[in-house]
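A.B. asks: Chain by chain, the residues:
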Amino acid sequence: MWSRIKHQGAEIRAHLDIPLLIIVLLLMGVGLITIYSATSSAGLARLDNQMVNMLVAVIIMLAVAQTSPQKLMRFAPPVYLIGLALLIGVALFGVVVNGSRRWLSLGFIRIQPSEIMKIAMPLMLAWYFHKNESLINLKHFAIATVILLLPIGLILKQPDLGTSLLVGAAGFFVIFFAGLPWKIMLGMAAAGGAALPFVWNLLHDYQRRRILTLIDPTSDPLGAGYHIIQSTIAIGSGGPVGKGWLNGTQTRLEFIPEKHTDFIFAVFSEEWGLLGNGILLALFLCLVVRGLMIAAAAPTLFSRLLAAAISMVLFIYAFVNMGMVSGILPVVGVPLPFISYGGTALVTLMIGIGMLMSIHTHRMLVKK
Amino acid sequence: MNDYQHTQQEISRFRRRALLAGFGALTLFSLLFARFFHLQVTLHEHYSTRAESNRISLVPIVPNRGNITDRNGVVLARNYSAFTLEITPSKTNGLEATINALAEVVDIQPKDRRRFKKQLEESKSFESIPIRTRLTDEEVARFAARRYLFPGVEINARLFRQYPEGALAVHALGYISRIREADVKWIAERGEEDREDYTNNYKGTDHIGQTGLERFYEFELHGGTGNEQLEVDKSGRAVRVLTHTAPTPGKNLTLTLDSELQRMAEAAFGERRGSMVALDPNDGSVLALVSNPGFDPNLFVDGIRFDDWDELNTNPDKPLLNRAINSGYAPGSTFKPLMALAALSQGKRGVNYTIADPGYFNFGGRRFMDDKVGGHGSVDMLKSIIVSCNTYYYNLANDLGIDAIARFMAQLGLGKPTGIDLPGESSGTLPSPEWKAGYFKKREQQKWFPGETISVGIGQGYNNYTSLQMAHALANILNYGKVYAPHLVSHITDPTTGEIKRIATEPARQIPLKTEHVDFIKTAMAGVNKQGTGARAFAGAPYESGGKTGTAQVVGQRNTRNLDVRLRDNSWFIAFAPVDQPKIVVAVLVENGGFGAASAAPIARQVFDYYLLGTTKTTPAPEGVATADEGNTEDTEEEGEHQHVVAD
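So the protein lines, in turn, are chains W and V. Numbering-wise, numbering that gives the first Met the number 0 puts 22 at position 23 of the first sequence, and it's gapless, one number per residue. Numbering-wise, numbering that gives the first Met the number 0 puts 220 at position 221 of the second sequence, and it's gapless, one number per residue.
The shape of chain W in the complex, shown without the other chains (with noise of 0.2 Å):
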C-alpha cells in the first residue's frame, strides 16, 4: 500500500499519467520501425529527424503537463486570438506551396497557422463555455458556433480540407459534450444534409475530384484514383499477419505514395497485416478510453471539456487516416497520429495529450 501511494505521489508530482504515456510511447515506436521500412532505403536521415522530433515532442509535452489547468484556461482567448488574426494573415500575405495557402512567413521560419488551431480552438470554447458556466443557454451555443466557424472558414479557403476537418471536429467535440441539445444537433444535420449540394458546388477541383475517385477509384487508375488502388493492395496484400518486417513489396518499390507521410499505415498494414491493425486499432482505442475517462474523473468544466475533445480529436485522426488509406473514406490530408513522420503535428498532438495529463494530475489539487 505504501508504495502505491508513494509511487502516485511522484506520479502527481511528475504531472505523468503513466497509462497515456505507455501507449503514446508504444505508438511513436510503431511510427519508428514503420518509417524504417519506409525510407531506409534513401537513408538515415528521416529516421533520426523523427527522433529528434520525437524528443522535442515529449519534452514540450512534460511542459504542457507541468502547467495546470487554470493556467491553461488563461491561455485561451490570446492564444485562439493570435491564431485567428495569423489566419487572416495567412488569407492576405500567405505563402502558396502545393496550390495551397497554409504558410506564413515570418522571415526566419514558416509557420502554419491552423496547425495552431487545432489546438486553440477546444481551448477557447471550453474556456467559453466554463465562463459561463450553470447558465448555458442557445444563445452560448450560437456564439461557440461563430467562434467555431470563423477559423475554418479561413482553413477551408486555404485550402486546406483535411486540417478544417480535425478543427471543426475539435470545435464541435467541446459543443456537444458541453451539452448542444439533441434537437438542434439532428436539426442541424438535416440542414447540414440539405446544404450539400451548395457546399459541392464551394468545393475545389481537386477535393470534388478526390471524393469522386473515392466512390469508384479505378474510374481514374493512374490519376487521382491511383492512390487509393496502391495502399488498398498494399494492405490486402499484407493478409492476416503480413509479409513481415522490410518485406512489403509495395513499399520497398514505391507503390505506395506519401508512404512516410499520410499513407504510412499502408506500410505497416503491408508488413504486420490483420494482426498488427488489429493491435494498433486496440491501442488507438486504449488511448481514447483512457482520454475520456480522464475527461470523466476531471473536476472543472473546462477541464472536462477540453479532455473529452482531445480525446475525441486523437480518435477522428486515426480513423480518418485510417479510412481513408483504406479506401473508406476520402484522401484529406490527415496523418496517422504519433507515426506518421512530421514534426509539426507530432508537436501539435503531444501538447493535446500534456494536456490531458496535467488535467489528471492537477485534479487532486482542485478537489485539496
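Think of the hints as simulated: they come from the structure by calculation, not from any bench. Accuracy of the hints is not assured; some may be wrong.
[Claimed, not checked] Now the in silico label distances, taken between C-beta atoms and shown as ranges: (1) V/R133 x W/G342: 56 to 64 Å; (2) W/L43 x V/H243: 30 to 38 Å; (3) W/R45 x V/L30: 29 to 37 Å; (4) V/I55 x W/Q65: 27 to 35 Å; (5) W/L43 x V/R15: 45 to 53 Å; (6) W/I81 x V/R15: 12 to 20 Å; (7) W/G341 x V/S80: 51 to 59 Å; (8) V/D2 x W/T343: 36 to 44 Å; (9) V/L30 x W/V240: 20 to 28 Å; (10) W/G341 x V/H243: 41 to 49 Å.
[Said to hold, decoys possible] Every beta carbon over 10 Å from chain W, so not counted as near; a handful from chain V, in silico: (11) A17; (12) E85; (13) D398; (14) G418; (15) L612.
[Unchecked claim] Here are some chain W residues the structure puts well away from chain V; computed CB gaps all over 10 Å: (16) L211; (17) G243; (18) L252; (19) G326.
Every residue, glycine too, gets a C-beta built ideally from N, C-alpha and C.
Assemble chain V onto chain W, guided by the hints.
C.D. replies: Okay, now just chain V, sitting in the frame of chain W:
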C-alpha cells in the same frame, strides 16, 4: 435549481455523452477492422496477385529465327546482331526536337526520317521505333556518352534478318517485315486453327514472314519466345531478375532448291520477264523456282524506304509478283502432249490414227486454221506432237468434248493449286461449262459454245496455267500417274533436339495412266527435241531429252513482229531429261518472248546441262536463227484464227 444540483446534472449528462462517444469510437474502429478483415482475409488472394503483377514485369526474349539453306548447305537467310537507336515517342520531350538533336550525335539521313515516320503511323506511341539501324561502334559510344540528354531514346541490340544472296530465289524465299495489324489477326487465326497460343508467343516479336517460305513456314521458323521475370519499381526500372526462361530457337529449313541451278537459271533469263520451275519428278522436289525480275529482300528487313517501295510497286515489270505461282498464261502448244494423253487414256485415239490435214478444220460454219498453209498432209499422233499440228487437235478436241478434256486435265492437276509450300498459289483456269457458268455474271456469257472446245484443244481459249502447274502436270505424267505435291523444303531441323522432319515423301494420289501411253508421250516429246521445235536448242546435248514448245498469244494479231514488246506472244517450253529415267522437269515461260523454241527452250537447255552434266557452258541458240525454220512451224496463225473465233 441550485448551482450544485445544476453542476451534478451537467456532470451526469457529460458522462453519458462521454460514454456514448466512447462507444461511438469503438463502433467506428470495429467498422475499420471489418474493412481490414475484408481486404486482408476475404480479398487477400486478389490483392496478393495485384501486388505481384505490380512488382513483376514479364519481359519477352525473342528467339533466334531459323536459318534457310539450300540443298547443298548454301545459306539463303540468316540472322545477325546489330545495334539500333530506338525512340519511344511517348517518353520524349518533343519528337521532332529529339530527332534533330540526335542528328547532331549520329548520322540520320532523310531516308531514315521518312522510314521512321512511316513506322510511326503504323505503331502505338508507347512502342519503341528505330530511327537508325546498324550503328557503328563509334556512334554507339558517342550516343552512350550523351544519353542523359535524350529521354525516350535508347540503344538496343537486335537480331536482323539477312539474305546473303540478295535477290537470288527471292520469290521462293520471300522476306520478313515489321508486323502489321493484318499480321496480328493472321497470327491469332492460325493460332486458333493449330490450337496453339501463337499470339502470346509473338510478344516482343516485331518481324514476321510476309511472303514466300518465310511466310509459309513462319511458325516453324519463329521459335518459342522466352521470358525474364523482372522485379520492377513504380517507374518500371528493373530491380532484379527473378526467373529466366530461355527462348527456343526457330527451326532451320533445308531446301530442295539448288542455289547454283537457281542462279544459273536467273542469269539465263537476263532482262526478260518470265518464270521457270524445275522439279525432280521422282519426289516433287523444287530444284529451282524463278520469277524474273526479282528484287532484294534485304530492303524489307528493317522497314523499306519509301522510294524503294515506290520503285518496286510502280515498276511495270512487277518485280514483286511471283510469276511462277501467281501468273497464269495460256499454255499454247505445250497443251498438246497432254491432250494426246487424254485421247489415249479415254480410248478416243490410237497412236496410229491418222488424219489428212488440209490446213484447216471446219466447224459450225467456221474455219479453224492450221499454222502451216496447206497443212501437214497425213498426220498421226506422233507427228501431231512433233510438228505441232493444230488440225489434229481441233479434230481431237471435238471428238473428246469439253467435259472429258476438263475431267482429264483436272486429274493431271490443272485448274487447282499444286499444293506447293508457298502461300497464295493461284489455281489457274481449267475451262469447262461449269467453270464458265460460275465465272461469268451475265447469263449470255455463261453458256458454253462448242467452238470454244476447239480452241481449248490447242491450249488457247480460257486455258490459263502457271509454270508451276505445267511442270507439275508433266512430272505427274512422267511418274506414270504418281502425284507428289511440289515442295521447296526438303526437311526441317530442330536445332535444339536435332530432330529432323521430312516434307512429303509419299505420293499424294495416283492418276490411272497406262504405261504404254506415257511411254508414247515420252517418245513423242523426245522427238520434238530431236527433230521438232526443240531440236535447235538441244542440238549436241549428250543426254536424251523430251520437250514441247508453245507460243501463247497476248493479242490477236497476225504479224506479231512489229508489235509493241509487251503485246508480243508469250513463249513456253516444257521439257524433261533424261528420257528413260527423268531426273528433272522444267516449265519455262518468257513473257512476250515470241516463239517458244527461240526464247524459252534455250533456258531449259542451260538448266539441263547444268543439272545433268554439272556444266554451265552451253551455246544458246541464237534467236533469229531458231525462228527462221522451226519457228515458222509454230502456232502464229492458229492464234489469230482463235481470237477470231472467240470474238464470235
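A.B. asks: Run every hint past the structure and note whether it holds.
C.D. replies: Evaluation of the provided hints:
At roughly 58 Å, the beta-carbon separation of V/R133 and W/G342 lies within the given 56 to 64 Å, and the hint holds. Taken as a hint, the range 30 to 38 Å holds for the pair W/L43 and V/H243, whose Cβ atoms sit roughly 34 Å apart. For W/R45 and V/L30, the hinted distance range of 29 to 37 Å is satisfied, since their beta carbons lie about 32 Å from each other. About 55 Å separates the C-beta atoms of V/I55 and W/Q65, a value inconsistent with the hinted range of 27 to 35 Å.
For the pair W/L43 and V/R15, the supplied restraint of 45 to 53 Å holds, since their beta-carbon distance comes to about 49 Å. Distance hint check for W/I81 and V/R15: the Cβ-Cβ separation is about 35 Å, which falls outside the suggested range of 12 to 20 Å. Look at W/G341 against V/S80: about 53 Å separates their beta carbons, and that is inside 51 to 59 Å. A hinted range of 36 to 44 Å holds for the C-beta pair V/D2 and W/T343, which are about 42 Å apart.
Taken as a hint, the range 20 to 28 Å holds for the pair V/L30 and W/V240, whose Cβ atoms sit roughly 22 Å apart. Between W/G341 and V/H243 the beta carbon distance is about 43 Å. The supplied range of 41 to 49 Å therefore holds. At roughly 5 Å, the least C-beta separation between V/A17 and chain W is not larger than 10 Å, which violates its mark as non-interface. Every C-beta of chain W lies more than 10 Å from that of V/E85, the closest at about 24 Å, which supports listing it as non-interface.
In this structure V/D398 is separated from chain W by more than 10 Å, as the shortest Cβ-Cβ distance comes to about 80 Å. No beta-carbon of chain W is positioned within 10 Å of the beta-carbon of V/G418; the least distance is around 52 Å. With 10 Å as the threshold on Cβ separation, the claim that V/L612 sits away from chain W holds: the shortest Cβ distance comes to roughly 72 Å. Residue placement check: W/L211 keeps its beta carbon more than 10 Å from all beta carbons of chain V (closest about 20 Å).
Every beta carbon of chain V lies more than 10 Å from that of W/G243, the smallest distance being close to 14 Å; the non-interface claim holds. Annotated as non-interface, W/L252 brings its C-beta within 10 Å of a C-beta of chain V; the closest such distance is 4 Å. In this structure W/G326 is not separated from chain V by more than 10 Å, as the shortest Cβ-Cβ distance comes to only about 8 Å.
Checked against the numbered hints given earlier, this structure breaks hints 4, 6, 11, 18, 19; the rest are met.
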